[in-house]
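J.: Please take these sequences and the hints and turn them into a complete structure.
Protein chains in written order, with this note's numbering: chain A, -17 to 326; chain W, -17 to 326.
None of these hints come from the bench; they were simulated from the model. Please read these numbers as outputs of a predicted model, since none were measured by experiment. Heads up, none of these hints are tricks.
Intra- or inter-copy, both count: the list cannot distinguish identical chains.
Derived DSBU-like pairs: lysine-lysine, alpha-carbon spacing no greater than 35 Å straight-line: (1) Lys319 to Lys139; (2) Lys139 to Lys240; (3) Lys326 to Lys316; (4) Lys220 to Lys139; (5) Lys220 to Lys240.
Protein chains: 2
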Amino acid sequence: MSTLLDSSRLPEVIAATILSCLCLTVSAASGQTDPLLSWSDGPAKHAIVSFVREATDRSSANYVAPQDRIVAFDQDGTLWVEHPLYTQGVFALDRVHELAPTHPEWREQQPFAAVLASDRPAMARFSEADWANIVDVTHAGMSSDAFQEIVRDWLEKASDPRFHRPFTELVYQPMLEVMRFFRANGFKTYIVTGGGEEFVRVYAERAYGVPTEQVVGSSILTQYEYRDGRPVLMREPKVFFIDDHGGKPVGINLFVGKRPCAAFGNSTGDQQMLEWTQAGKGARLMMLVLHDDPEREYAYGPAGGLPDTKVGVFSDALMAEARRNGWTIISMKKDWKRIFGFEK
Amino acid sequence: MSTLLDSSRLPEVIAATILSCLCLTVSAASGQTDPLLSWSDGPAKHAIVSFVREATDRSSANYVAPQDRIVAFDQDGTLWVEHPLYTQGVFALDRVHELAPTHPEWREQQPFAAVLASDRPAMARFSEADWANIVDVTHAGMSSDAFQEIVRDWLEKASDPRFHRPFTELVYQPMLEVMRFFRANGFKTYIVTGGGEEFVRVYAERAYGVPTEQVVGSSILTQYEYRDGRPVLMREPKVFFIDDHGGKPVGINLFVGKRPCAAFGNSTGDQQMLEWTQAGKGARLMMLVLHDDPEREYAYGPAGGLPDTKVGVFSDALMAEARRNGWTIISMKKDWKRIFGFEK
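T.: See the structure below:
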């Protein structure tokens, strides 16, 4: 780390961006604190530090100009816990319960009856069409503003059944440190999620320091309409864009118009984003979070026997692709000294 | 202007954003140069200056926090010349000529035959379907990278038939000054265009100082594919999103996730964006550019008899809406001392 904060390199950094220089000056003044404190020394931490050093080194052939310093982070399972069910799924199920009194027909109608009966085996067998039905009634039919208010209220009350914490506290401390480290070096950190863009935007600034305009996600159709003479954006029960698999590079291109130089994921839904990142010029960093810590978090995918809860999983094929392409695996167990900010 | 640069207000501005404070300090040191030099004193300039003062004044009830300082600019006819045909239309027609040798059938096939014969009356009658056909063959069937390369090459060679200048020099100097003025006060300037997003992104940074991630526009379907083992984003001949009329607020919500506090347009395609902007809280600014200067540029819409070349026009109904809502009209003739940067 010392090379990065070496004062002889400061002029270059100042030239790169005024803001990042101010941050680095502060870091240097406070005694060259390790920005990746929660990371154990090892290949994952080394890959991150080496990448940032190379990307910001003007004398390097792999130097990345400040305007091209784009980093993409998947969310569920990469930035925060996704087991036993990703948070937006928990929200949708809670919302079915909340709306049930005004929908007596749901008692007899699947998939709602299974949700209301908390029939876990039936819910585990839900098809994509079942989930689409649930999304339609819980995520559409209201304005964007109203939806975000509903999500905000829910986040304040909801808590994870295992950790007994608000979901927004279940973000991975090491990943927060990586995001801050990137930003301090002039990178723009984007969340590129298969989850709902308007859902994630409610808490992205607070939880990750990522403003709404740097959240790229899936979306349903939105229509401009007038209600009581005032314009509203109404959320319709129709998929507009799925930001997953090949949709991730497409979404990044659509929203950002630049190719990331670093990308972080944890499932097959992230594979194309990592490929797309790798195929660019200059310094590159592709990383996959492996959930191999059943004590402190969970073990699934190649590292455990927990059933998968998402369409995108860390499959053996993804592991083979990672090895073939030289992507770096982040072992939660070995690489992370601390998983959550609330741990001592 | 002096109030804005008054040194007693600097501490507030510093608190607002570090970058904007640095810029203002420079301005103040260089003798309080008017940032809107090409604007005549009058209601339009006054509206802009008053808005920025109010939005950045922490003691104002209409103060706008730095993260919410979003300004949206339509492009064609608002930031640069759109007559006699908007630039992307000129590109499409030129491209038909360039591709014609490999499409002998076009000699007999409309709308291509009319383009190749330079049959202006026929082209003036082109339907939306005709234009869609032209867009399909000129804008799709290649990768995003290849398309942007084609646009880049074309922009280097093409020039406007009246001004004999590259199109990127036909940006309005007063609007460049407004964009810089906003940015110096901590605003993010977005282009929100009915035009093609990937077209505009080719020159947005160079022409307007707007990075690709701040260009919201119309798009065709893009697919993630592999060619020769390498990933590419292929442009398909299918509309994905039309960023015009109600699509402008939808597009802003999709890309930015925040409501603008100021919006600039010049046609009915911008009406909804201005309504949406106005319906928010805090300081607001809604402006429409009126083309009423046939000597230095063009006169059309309420100010002239030139035929309209776009679906969105400055109609009498739009003028009535502007009056009813208190939107400010920018008269090119009266409000702009200079139209283009190349004028002396």
